[in-house]
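Engineer: Residue-level listing of the chains:
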Amino acid sequence: MMQAAADMPVWAAIAVAFFLLVGSGLALIGAIGFLRLPTFYERIHAPTLGTSWGIGGVMLASMIFFTVSSGRLVFHEILIGIFVTVTTPITFMLLARAALHRDRAEGNGNVPDKQNKSQIAKGVSDESESWN
Amino acid sequence: MMLPYPLLTLSLVLMWLLLNGFTPGHLVLGILVAVFASWAMASLRPDKPRLGKWYLLPKLFRIVLYDIVKSNIAVALIILKAGRRSHNPGFLTVELDIENHTAIAVLAVVLTSTPGSAWLEYDSNDKTVLLHILDLGNEAEWHDTIKNRYEKLLMEIFA
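These protein sequence lines map, in sequence, to chains A and B. Its first residue numbered 1, the first sequence is counted upward by one per residue in the working numbering. Its first residue numbered 1001, the second sequence is counted upward by one per residue in the working numbering.
Pulled out of the complex, with its shape left as it was, chain B reads as follows (with noise of 0.2 angstroms):
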């Protein structure tokens, strides 16, 4: 096939054109680019990720920007307040319902740019995940957080 990942694809020329100016000659050099990065991606053989209901995309973008603003706050209190113990850090496994790979990568991408959470290490076997929370106050909360906030949507767009 000619073009194996158009969307990468057509990601690397947008690279391409923003790093280096938009002019008729970039575009023809990046689409080349392009095209090859493409078909060298497809000799390595990664699972396709399937895009289903792609228009929620936005939606969890304009979630995971609202919590990382969120975290960002709260963690920034704590650490100034760092000295007086008021935070209470844990560690927190859950068990998790998505299997695609894909999926798993942005909810990974998601927890650790929000900080206050960091992913540790994902269980294949029993697909359960282990996470450090900084401040656990609430466990369920927590566990609600990701299951209902996060998993659900990210399981409707890689349906």
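Same shape as in the complex, but just chain A (with noise of 0.2 angstroms):
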């Protein structure tokens, strides 16, 4: 039996509001990390604070919500939270290594060069890319 949001008993109504305010306030302040920091590989780590424990804090208040309002276990919002962090790294990758090929190949900026000290041992042309 759904009830209405203002029948919830306090202690679940102020789990449900923290746990909110905690996801939708970090969430923010990676936005506003996304805008401010002034380099991409600093940028970059802005949205993880979403990606993370914002969803996590979203997921915790809707799991408790609904769990309490339908007066049974809700817990399917789980697989957000773990197909959020398996797939963020995939296209923080694909970011991050096409920003990294740019600064090198333009040579802008102190980014690292590729370490290729086996490549030079080995004689292996500079053209091979990892995870092959």
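These are computed hints drawn from the structure, not numbers from a lab. Certain hints may be false.
Label-pair restraints from in silico Cβ distances [unchecked claim]:
| no. | chain 1 | residue 1 | chain 2 | residue 2 | range |
| --- | --- | --- | --- | --- | --- |
| 1 | A | R72 | B | Y1066 | 24 to 32 angstroms |
| 2 | B | A1042 | A | I78 | 20 to 28 angstroms |
| 3 | A | L73 | B | R1062 | 18 to 26 angstroms |
| 4 | A | L35 | B | F1022 | 26 to 34 angstroms |
| 5 | A | L35 | B | N1088 | 29 to 37 angstroms |
| 6 | B | L1080 | A | D103 | 22 to 30 angstroms |
| 7 | A | P9 | B | F1022 | 22 to 30 angstroms |
| 8 | B | L1029 | A | H101 | 41 to 49 angstroms |
| 9 | B | A1037 | A | E106 | 38 to 46 angstroms |
| 10 | B | E1095 | A | L35 | 17 to 25 angstroms |
| 11 | A | L73 | B | S1011 | 12 to 20 angstroms |
| 12 | A | L21 | B | Y1055 | 30 to 38 angstroms |
| 13 | A | R36 | B | E1095 | 29 to 37 angstroms |
The C-beta atom is built at its ideal place from N, Cα and C for all residues, glycine as well.
Two chains, two separate frames, one set of hints: put the complex together.
Structural biologist: Put into structure tokens, the structure is as follows:
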């Protein structure tokens, strides 16, 4: 039986509000950081606030709210958390490696060179990519 | 073989039931979907991860969850003070001992979902990973965290 939000017990309302505020607050701070941090490599850290505890807080709030209001255990939100966590690094690495490639090719900034000790030692050409 | 990836099949069934609600009909449908999906996975022939000390997984999970909370707070503070340049961003190269692809993937997920450290690129030729750290206060400390806190545990789990 679904209850209206106003009928929730106080402890549940406080917990839901807390996690919702923490989650959305972190997502907001992440967005601000994305705007304000000076370099690309620093900016790339900011959205991970939203993808870690940002999503985590909203997820917990949703789980508590629907579990309490519908009177049965609701936790399929956990799937959102799992999939966001597992897929973020893919986009992330794609962006970061594109930026690294560009910066190395154009020689701007103090980006570290590709480590090619072993490539020099083995005489392998510079074209080889990692993950092969 | 009937079920090439039992763990994957089980997770898919669980996911199906979580998404659709538990009814006998959905259980049957979910099992069908999961079995066909794991056959499809088998035809891709990925490296099969060997779980050694799987009972250490909750420990890894606890450590990572704690670190994520800690670094969330740290990064949020850095962003709020961004105008004053209070942090010291920098690149860090770490040589890894783990070679198992699954373990490396888990390490990449851990380091990426911990705000403040970003996994940029892994070089399988010399087994080094290039990271970008938002606040590289003490380089040796970061090195130590990755090598001793995460990598050692991962090597035991994916033995």
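Engineer: If a hint holds in the structure, say so; if it doesn't, say that too.
Structural biologist: Okay, the hints, checked on the actual structure:
1. R72(A) / Y1066(B): 24 to 32 angstroms: 30 angstroms, holds
2. A1042(B) / I78(A): 20 to 28 angstroms: 27 angstroms, holds
3. L73(A) / R1062(B): 18 to 26 angstroms: 22 angstroms, holds
4. L35(A) / F1022(B): 26 to 34 angstroms: 44 angstroms, violated
5. L35(A) / N1088(B): 29 to 37 angstroms: 21 angstroms, violated
6. L1080(B) / D103(A): 22 to 30 angstroms: 28 angstroms, holds
7. P9(A) / F1022(B): 22 to 30 angstroms: 26 angstroms, holds
8. L1029(B) / H101(A): 41 to 49 angstroms: The hinted range 41 to 49 angstroms holds for L1029(B) and H101(A), with Cβ atoms some 45 angstroms apart.
9. A1037(B) / E106(A): 38 to 46 angstroms: Taking Cβ atoms as reference, A1037(B) and E106(A) lie about 43 angstroms apart, which means the hint holds.
10. E1095(B) / L35(A): 17 to 25 angstroms: 35 angstroms, violated
11. L73(A) / S1011(B): 12 to 20 angstroms: 19 angstroms, holds
12. L21(A) / Y1055(B): 30 to 38 angstroms: Hint holds: Cβ distance 36 angstroms, inside 30 to 38 angstroms.
13. R36(A) / E1095(B): 29 to 37 angstroms: 34 angstroms, holds
The structure shown violates the earlier hints numbered 4, 5, 10.
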